[in-house]
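Asker: These are the residues of each chain, in order.
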Amino acid sequence: MTSLKLGQSFSMIALNAQRSLEMTTAKKVALRCMAAAVILEIYLDGGFTQTGNQFVLNQDMLEQSQSMPYREVILTSIVRKNTETTGELSWWLKKASRLPERILRKLELVISDSLKEMSLLEEIPHILGCDLYFHSAGVDIKEYRSDIQGFSTITESTRAELLEDGLVTDETICLVWLLRESGCMLDFFSRSELASISAGMYKLYQNEPLAKVLFPIRIHSGIELILKKLLRMKTGVVRTQAGSGMNFLFPMLERSQAIFIDTEQMLPNAVKRLHDVRARLESKGHTVTVLHKGQIPTIKVDNLVYEAIPHAIYGRVPIHGVRLIPKPLF
Amino acid sequence: MSRQRSMETILASEYVSIGELVRLTDSRYSTLKFYTEEGMLPFEQAEENLTRRYKREDTVARILRIKKLKSTGLSIPQIKEALNMGE
Numbered sequence: 001m002t003s004l005k006l007g008q009s010f011s012m013i014a015l016n017a018q019r020s021l022e023m024t025t026a027k028k029v030a031l032r033c034m035a036a037a038v039i040l041e042i043y044l045d046g047g048f049t050q051t052g053n054q055f056v057l058n059q060d061m062l063e064q065s066q067s068m069p070y071r072e073v074i075l076t077s078i079v080r081k082n083t084e085t086t087g088e089l090s091w092w093l094k095k096a097s098r099l100p101e102r103i104l105r106k107l108e109l110v111i112s113d114s115l116k117e118m119s120l121l122e123e124i125p126h127i128l129g130c131d132l133y134f135h136s137a138g139v140d141i142k143e144y145r146s147d148i149q150g151f152s153t154i155t156e157s158t159r160a161e162l163l164e165d166g167l168v169t170d171e172t173i174c175l176v177w178l179l180r181e182s183g184c185m186l187d188f189f190s191r192s193e194l195a196s197i198s199a200g201m202y203k204l205y206q207n208e209p210l211a212k213v214l215f216p217i218r219i220h221s222g223i224e225l226i227l228k229k230l231l232r233m234k235t236g237v238v239r240t241q242a243g244s245g246m247n248f249l250f251p252m253l254e255r256s257q258a259i260f261i262d263t264e265q266m267l268p269n270a271v272k273r274l275h276d277v278r279a280r281l282e283s284k285g286h287t288v289t290v291l292h293k294g295q296i297p298t299i300k301v302d303n304l305v306y307e308a309i310p311h312a313i314y315g316r317v318p319i320h321g322v323r324l325i326p327k328p329l330f
Numbered sequence: 001m002s003r004q005r006s007m008e009t010i011l012a013s014e015y016v017s018i019g020e021l022v023r024l025t026d027s028r029y030s031t032l033k034f035y036t037e038e039g040m041l042p043f044e045q046a047e048e049n050l051t052r053r054y055k056r057e058d059t060v061a062r063i064l065r066i067k068k069l070k071s072t073g074l075s076i077p078q079i080k081e082a083l084n085m086g087e
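Keeping their order, the protein sequence lines are chains E and A.
Start counting the first sequence at 1; every next residue gets the next number (the UniProt record's numbering).
Start counting the second sequence at 1; every next residue gets the next number (the UniProt record's numbering).
The set of hints was computed from the structure by calculation and includes no laboratory data.
Bear in mind that the values here come from a model prediction, so they are computed numbers and not experimental data.
The beta-carbon is built from N, C-alpha and C at its ideal position, and this holds for glycine as well.
For each label pair, taking beta carbons as the anchor points, the in silico distance ranges come out as:
no. : chain 1 : residue 1 : chain 2 : residue 2 : range
1   : E       : R80       : A       : F34       : 45 to 53 Å
2   : E       : T51       : A       : S2        : 19 to 27 Å
3   : E       : R191      : A       : T51       : 23 to 31 Å
4   : A       : S71       : E       : V271      : 20 to 28 Å
5   : A       : S71       : E       : Q295      : 24 to 32 Å
6   : E       : T49       : A       : F34       : 44 to 52 Å
7   : A       : N84       : E       : Y314      : 57 to 65 Å
8   : A       : S6        : E       : T289      : 28 to 36 Å
9   : A       : T51       : E       : T24       : 35 to 43 Å
10  : E       : T49       : A       : S13       : 26 to 34 Å
11  : E       : R102      : A       : D26       : 34 to 42 Å
For reference, chain A alone in the conformation it holds in the complex:
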């Protein structure tokens, strides 16, 4: 039995799930899944548990940055390039 974590708990934890990222950033699930598959959102995956875990602070900042870049009219390859340059 597991319960949904409250927003306070999520905001205090180091790692979050993709569902919690949706709640944190008001993004669509399919969008975040696409970003993950494109390698734009790094994650950790423990072997015994298939859940993808994302570092909360880094990932939320990254999603916000992607949104900002997207609003300036950049395409996905250009956003990927910009993200890689920033690292």
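Bound-form chain E, shown alone:
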């Protein structure tokens, strides 16, 4: 696999399973973090000169960014309004993450186009379109799907670095911060792993200069902050310097969704149920891998794992089928 820049690899994670046609709250959060990822990418590439706490944008970076359109979108938007190009890292990250929606939309278009060119991202019908009601109504919902191999290479090598003893690279420090800020921690780490991730992040915070600057920065805003306050009492369990427990405990911005797929027969057996589910998902262009067969099979749809639980919904007549529920990692 070709080596990707931080902004590109994080975008593959952030855009995966997001709706491509509409601007949802989860996608807005993802785009805000993608904008921050672009700033971090420029920092990693030596685009800033650091004097004390201040980060000065190198002038040549603006010219160079013309060859990388997604960098240009972010840099020109920040610099246009501010004649000065100096600030702390938190200032840069907050400026990028609070860019107006139309700029974020532009960033989404530019970055998704570049990933599509590399065959690392595609638009497929959304899994919600397989739900009984959406399917029968013919509603068209589309979502992004990252290249399955590429996606797992990025996430698995990040997991390896964080869960293994030894050096953690700057890219991984940035990526784990971005995952925390976008509320995706539980998508990639099981609850038992999160305990060691939390400890590892605290160790990084103490020893690594980049982590010390980066980890205390928050780019959450608005509704997320309110949700955070409401659930504050439950965060104490895993509160550390590296991260308050919100994202560690509650996946408030769940990207995967529970859907209901009707089966052809009343009271079908497990094999027929699985066959019908598979047929429906594949007819909508999803890639289905059966991880575990049995009464309640575990299936991987694109990049996400679901449990297929037998279920029925009752209207004028009962409809038998399968409820696909996102499977927690623990």
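Once you have looked at the hints, place chain A on chain E.
Answerer: Same frame as chain E, now just chain A:
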């Protein structure tokens, strides 16, 4: 401060980390960790630095061989036996 090594550097180096093995072989981290714990992937570990280092060429070849054996339907004990016989 350390940066991630580029694919060219990894492909030119004698030793790699488990994270780099994941990138090289498109395997899952938990799978490689399991193979390591089962003694199927030999590694070196310097005392002052806890990072496990794997010989790149040998280990990648071994992982590919394990994958091939696994695709033929062999179980882990059978794969271990086959690997030991090959040595």
